[in-house]
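Trainee: These protein sequence lines map, in sequence, to chains A and B. All the letters of the first sequence, read from the start, carry residue numbers 964 to 1310 under the working numbering. All the letters of the second sequence, read from the start, carry residue numbers 4 to 329 under the working numbering.
Just so you know, these hints were derived from the structure itself, not from any lab. Hints are supplied without guarantee of correctness; some may be wrong.
[To be verified] The list that follows gives simulated cross-link-like pairs (lysine to any residue, SDA-like), each with its CA atoms no further than 20 Å apart:
| hint | chain 1 | residue 1 | chain 2 | residue 2 |
| --- | --- | --- | --- | --- |
| 1 | A | Lys1219 | B | Glu38 |
| 2 | A | Lys1295 | B | Glu308 |
| 3 | A | Lys1179 | B | Leu14 |
| 4 | A | Lys1179 | B | Glu50 |
| 5 | A | Lys1219 | B | Leu36 |
| 6 | A | Lys1153 | B | Arg77 |
| 7 | B | Lys31 | A | Arg1163 |
| 8 | A | Lys1179 | B | Arg54 |
| 9 | A | Lys1179 | B | Thr69 |
| 10 | A | Lys1295 | B | Asp95 |
| 11 | A | Lys1150 | B | Thr69 |
| 12 | A | Lys1150 | A | Ser1098 |
| 13 | B | Lys31 | A | Leu1213 |
| 14 | A | Lys1153 | B | Leu73 |
| 15 | B | Lys31 | A | Ala1207 |
| 16 | A | Lys1219 | B | Ser35 |
| 17 | B | Lys31 | A | Phe1203 |
| 18 | A | Lys1222 | B | Leu49 |
| 19 | B | Lys31 | A | Thr1210 |
| 20 | A | Lys1222 | B | Ala57 |
| 21 | A | Lys1179 | B | Glu38 |
| 22 | A | Lys1222 | B | Glu61 |
| 23 | B | Lys242 | A | Pro1079 |
| 24 | A | Lys1179 | B | Leu49 |
| 25 | A | Lys1153 | B | Phe99 |
| 26 | B | Lys92 | A | Glu1119 |
| 27 | A | Lys1219 | B | Pro65 |
| 28 | A | Lys1003 | A | Ser981 |
| 29 | A | Lys1179 | B | Gln68 |
| 30 | B | Lys242 | A | Phe1199 |
| 31 | A | Lys1295 | B | Phe99 |
| 32 | B | Lys281 | A | Ala1291 |
| 33 | A | Lys1150 | B | Glu75 |
| 34 | A | Lys1153 | B | Gln79 |
| 35 | A | Lys1295 | B | Ala96 |
| 36 | A | Lys1179 | B | Glu51 |
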Amino acid sequence: MEVSTLPISASHRGKLISSGYTSLSSLSSVSPSRLAQDLKISENEAVEILKVVSRRSGSEKIENGNHAIMNGAQTAWDMLHEEESSVCITTSCSDLDVILGGGIHCKEVTEIGGVPGIGKTQLGIQLAVNVQIPSGYGGLGGKAIYIDTEGSFMVERALQIAEACAQDMLEYDNLLRKDSQACRVIKQPKAFLENIFYFRVCTYTEQIAVINYLEKFISEQKDVKVVIVDSITFHFRQDFEDMALRTRLLGGMALKLMKLAKQFKLAVVLLNQVTTKYKEGSFQLTLALGDSWSHASTNRIILHWNGDERYAYLDKSPSLQSASAPYAVTGKGIRNAAPNCKRVKLM
Amino acid sequence: MANKLISEMGLPRSMANVFIARNIVTAKDALSLSEFELMEVLDVGLEEVTRAVAHISEISCPPYQTALSLLEQRNQNEYLAGHLPTRLKGLDAALFGGIPFGVVTELVGPAGIGKTQFCLKLALLASLPTSYGGLGGRVIYVDVESKFSSKRMIEMGLSSFPEIFHMEGLAQEMAGRILVLQPASLSEFTESLQHIKVSLLQHNVKLLIIDSMAALASGEYGLAPPKHHPLGWHISFIKSLAECYRIPVVVTNQVRSQSRDEASRYLFQGQRVIKIAKSSISPSMGFCFNITSSGVSLLDDEGVEMMGPEANTISWEGHIGIINYE
Chain A
964 MEVSTLPISA SHRGKLISSG YTSLSSLSSV SPSRLAQDLK ISENEAVEIL
1014 KVVSRRSGSE KIENGNHAIM NGAQTAWDML HEEESSVCIT TSCSDLDVIL
1064 GGGIHCKEVT EIGGVPGIGK TQLGIQLAVN VQIPSGYGGL GGKAIYIDTE
1114 GSFMVERALQ IAEACAQDML EYDNLLRKDS QACRVIKQPK AFLENIFYFR
1164 VCTYTEQIAV INYLEKFISE QKDVKVVIVD SITFHFRQDF EDMALRTRLL
1214 GGMALKLMKL AKQFKLAVVL LNQVTTKYKE GSFQLTLALG DSWSHASTNR
1264 IILHWNGDER YAYLDKSPSL QSASAPYAVT GKGIRNAAPN CKRVKLM
Chain B
4 MANKLISEMG LPRSMANVFI ARNIVTAKDA LSLSEFELME VLDVGLEEVT
54 RAVAHISEIS CPPYQTALSL LEQRNQNEYL AGHLPTRLKG LDAALFGGIP
104 FGVVTELVGP AGIGKTQFCL KLALLASLPT SYGGLGGRVI YVDVESKFSS
154 KRMIEMGLSS FPEIFHMEGL AQEMAGRILV LQPASLSEFT ESLQHIKVSL
204 LQHNVKLLII DSMAALASGE YGLAPPKHHP LGWHISFIKS LAECYRIPVV
254 VTNQVRSQSR DEASRYLFQG QRVIKIAKSS ISPSMGFCFN ITSSGVSLLD
304 DEGVEMMGPE ANTISWEGHI GIINYE
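Required output: the full structure, derived from the provided sequences and hints.
Mentor: Next up, the structure:
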């Protein structure tokens, strides 16, 4: 019954069905006044219902994408072009960029998890700065949204990382681009901070509200190329009694974030905490929020210690192999680990 | 924000009425339901629901700021851009000025190592007038184990700032700014937190110290450890106080040894080390220190950078860990 799939209120639907209007074609030629009479509703309401119907049947005839066969579908060939031309945000650690296929991908949701102190917030801040690198230096020249749920964002550290980034850009200029003086764009460290939009979220309601509001915000701001949530799990772990509600809310959030990533062609980075799980007789560290959440992200990176060094392990990716790379957190931000350690390891 | 009433959000009258009729009163109630659920419950079309949810979200959303304006605000309005200097040069340098405002800093370590000494010194430093490098404000010191010693604090003051302390009446003025609370139980502490919140606003309180958190929880475990941390709510509340009023909050915590023979560890054979165990703004650094008449003093301002997961752990043998609980 086509009428049951229309996005109208339940009582209107019920009235349509009981009056005999079960298919869209039956509604295509009825006038609003006739419908109002049959359903015993006001004429305005009948007009609204007919609008919804016409939109639904009209869109079936529109060719979306490049395809006449199916509405909204794209061929894999077209997607290949899109995938190849997609841009990445560098992490400033070339080993890490290599295993990530260039960096954090736009149009995708990447989850980064790890124990406290491993550098998740550091990586988040680094990405918020790196997304702003102008295209002349191989970056996106975009802006960043930083949603802070724990209060981890330290402005002094962001300034420090921005200063190091500006310094790096200057050195790049001096080394490689001595001839092209015209393209020199000198970015002040404080200018980096101006393009980081900071939201401090204190409850899960606010978290949902921000994610809902982002669509409007990003359409108005333009140029936002990364949304970082630090951390996605925090407000959903403490005192959440209703697990079913939690799963539903998290699922809804995940969908909205994926939609944002695709719609505005930006990267969504979700930082997650780890928890211990009792499995097969031993305690293991796993990402928080359980198995149902693990489907939410397109890519997953796990940060962990290996002896004295920090390693990043690419756990889940649609197109890349699982691999591990060392990285370091320095005064300048995230950088390559010192040269005497092991390099990229493919699993 | 979560408890904002839908009736006050400026939704079109008809929509607002429908929400209230179905007992969806606050933003939290509305946003906890998916849009399809709302459609069913409210008996309204999808488009209207989407519009209403977008409106509610926009109103309930916390305001945003650029990172730059955050920085400028702190530089302008706050002492040393939001830091309480500890007068330990190496430590202050690593922490970009001192104990940060707006976050909870935890001091962890075994008994007897010097956490309370450090807290006493901080209380003193905060109560110093701004002309002498202090915060010039009141301090609330929650002393759970009755370890607060006025005498020791004055001794520290006389030893560190002899010129100031010998001035007529200054010692009394400063000691008068330090309010000591001694809650006898967790429930008393919970109650006093609400009073503390009121005082923060009214009485120019610039530092909150809780010594120690562990003692509050230790008497409270029943037959089995509870699913949620007994102090979970308190820690969140304290964090929100720190953030809201932009003050430094210092809490102390105990370390219990893994091994059973605690008595043999009573004397510290090794060096006492103060280690920045976890902080967004500093790498893990360890500084050796001693307790002197003027409080804690570093043996060396350089500090040793610690590598590896050890950096984030606090060992039994004589470490005070500083963790910035962001």
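Trainee: Take the hints in turn and mark each one as holding or not.
Mentor: Going through the hints against the structure:
1. A/Lys1219 / B/Glu38: holds (12 Å)
2. A/Lys1295 / B/Glu308: Distance of about 15 Å is within 20 Å: holds.
3. A/Lys1179 / B/Leu14: holds (17 Å)
4. A/Lys1179 / B/Glu50: Satisfied, since the Cα-Cα distance of roughly 16 Å is no more than 20 Å.
5. A/Lys1219 / B/Leu36: holds (14 Å)
6. A/Lys1153 / B/Arg77: holds (14 Å)
7. B/Lys31 / A/Arg1163: Distance ~17 Å between B/Lys31 and A/Arg1163 Cα, so the pair holds.
8. A/Lys1179 / B/Arg54: holds (12 Å)
9. A/Lys1179 / B/Thr69: Cα-Cα ~17 Å, so holds.
10. A/Lys1295 / B/Asp95: Within the cut-off at roughly 19 Å; holds.
11. A/Lys1150 / B/Thr69: The hint holds at about 17 Å.
12. A/Lys1150 / A/Ser1098: Roughly 12 Å between the alpha carbons, so the hint for A/Lys1150 and A/Ser1098 holds.
13. B/Lys31 / A/Leu1213: Holds. B/Lys31 to A/Leu1213 sits at ~15 Å (cutoff 20 Å).
14. A/Lys1153 / B/Leu73: holds (11 Å)
15. B/Lys31 / A/Ala1207: Given that 20 Å is the threshold and the Cα spacing comes to 16 Å, the pair holds.
16. A/Lys1219 / B/Ser35: This hinted pair holds, its Cα atoms lying about 14 Å apart.
17. B/Lys31 / A/Phe1203: Holds, at about 14 Å.
18. A/Lys1222 / B/Leu49: holds (18 Å)
19. B/Lys31 / A/Thr1210: holds (16 Å)
20. A/Lys1222 / B/Ala57: holds (15 Å)
21. A/Lys1179 / B/Glu38: Satisfied, since the Cα-Cα distance of roughly 17 Å is no more than 20 Å.
22. A/Lys1222 / B/Glu61: holds (18 Å)
23. B/Lys242 / A/Pro1079: holds (17 Å)
24. A/Lys1179 / B/Leu49: holds (18 Å)
25. A/Lys1153 / B/Phe99: The hint holds at about 17 Å.
26. B/Lys92 / A/Glu1119: holds (18 Å)
27. A/Lys1219 / B/Pro65: Within the cut-off at roughly 18 Å; holds.
28. A/Lys1003 / A/Ser981: holds (12 Å)
29. A/Lys1179 / B/Gln68: holds (16 Å)
30. B/Lys242 / A/Phe1199: holds (17 Å)
31. A/Lys1295 / B/Phe99: holds (15 Å)
32. B/Lys281 / A/Ala1291: At roughly 15 Å apart (the allowed maximum being 20 Å), A/Ala1291 and B/Lys281 satisfy the hint.
33. A/Lys1150 / B/Glu75: holds (18 Å)
34. A/Lys1153 / B/Gln79: Roughly 15 Å between the alpha carbons, so the hint for A/Lys1153 and B/Gln79 holds.
35. A/Lys1295 / B/Ala96: Distance ~16 Å between A/Lys1295 and B/Ala96 Cα, so the pair holds.
36. A/Lys1179 / B/Glu51: Satisfied, since the Cα-Cα distance of roughly 16 Å is no more than 20 Å.
Comparing the model with each earlier hint shows no violations; every hint is respected.
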